[in-house]
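Participant: Sequence:
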Amino acid sequence: MRIGVHAVGRMKAGPERELAARYFDRFAKAGPAIGLEWVGVTEVAESRAQSAILRKQEEGRALAAALQGSALILLDESGKSMGSEAFAARIGDMRDTGARSVVFAIGGADGHDPELRKNAALVLSFGVMTWPHQIVRVMLAEQLYRATTILSGHPYHRA
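Under the numbering used here, the sequence shown has 88 at position 88, and the numbering climbs by one with no breaks.
Derived from the structure by calculation, the hints contain no laboratory data. These numbers were taken from a predicted model, which means no experiment stands behind them. Cβ coordinates follow ideal geometry from the N, Cα and C atoms, glycine included. Be aware that one or more of the hints could be misleading.
Computed cross-link-like contacts, SDA-like style, restricted to lysine to any residue with a CA-CA straight-line distance of at most 20 Å [as the list claims (entries may be wrong)]:
1) Lys118 / Arg90
2) Lys29 / Arg48
3) Lys12 / Arg48
4) Lys29 / Lys118
Label-pair distances were calculated between CB atoms; the ranges are [claimed, not checked]:
5) Gly83 / Glu37: 20 to 26 Å
6) Ala109 / Ala21: 19 to 25 Å
7) Leu54 / Asp25: 16 to 22 Å
8) Thr42 / Arg158: 29 to 35 Å
9) Arg10 / Gly98: 16 to 22 Å
10) Lys12 / Pro155: 33 to 39 Å
When you get a sec, could you build the whole thing from the sequences and use the hints?
Facilitator: Printed below as a string of structure tokens:
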């Protein structure tokens, strides 16, 4: 199953970018053995529309155009919170039930378009706090790598 990330906003050079790249690289190397292929991060510019509703709609259209049949997992503070093992199991279930590709979406500062939420396979939260998008990307990268290690029985994750 192919896994990618769609992120609103560009990640500048710095420690967050380096850390996210490190975990995405680990995921890319460990994933193929268990049927998970890393396809990378797609970054789109933040909308410059005048209202939050229009910004979310514009950013949502860019994401919808990029999906091309992929299952969608939205990252949002109001989503479902789950532990690492449950997250890994969800990814494993999607892979095992025939999902060909999954896109994890990190929205813009205003969040996601409500229309996208209706079609998402999962709306996932990394907690009720608001996190900077750069930190969310690092957290997602690490959790994807951790999910791979859980699914493969590697000792990285110690429950």
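Participant: Each of the hints needs a verdict: does it hold here or not?
Facilitator: Hint by hint, here is what the structure shows:
1. Lys118 / Arg90: holds (19 Å)
2. Lys29 / Arg48: Violated: Lys29 and Arg48 sit about 37 Å apart, past 20 Å.
3. Lys12 / Arg48: holds (19 Å)
4. Lys29 / Lys118: Given pair Lys29, Lys118 is violated - Cα atoms ~33 Å apart, limit 20 Å.
5. Gly83 / Glu37: 20 to 26 Å: Taking Cβ atoms as reference, Gly83 and Glu37 lie about 24 Å apart, which means the hint holds.
6. Ala109 / Ala21: 19 to 25 Å: holds (23 Å)
7. Leu54 / Asp25: 16 to 22 Å: violated (36 Å)
8. Thr42 / Arg158: 29 to 35 Å: holds (33 Å)
9. Arg10 / Gly98: 16 to 22 Å: Roughly 34 Å apart at Cβ, these two residues miss the hinted range, so it is violated.
10. Lys12 / Pro155: 33 to 39 Å: Distance hint for Lys12, Pro155 holds at roughly 34 Å.
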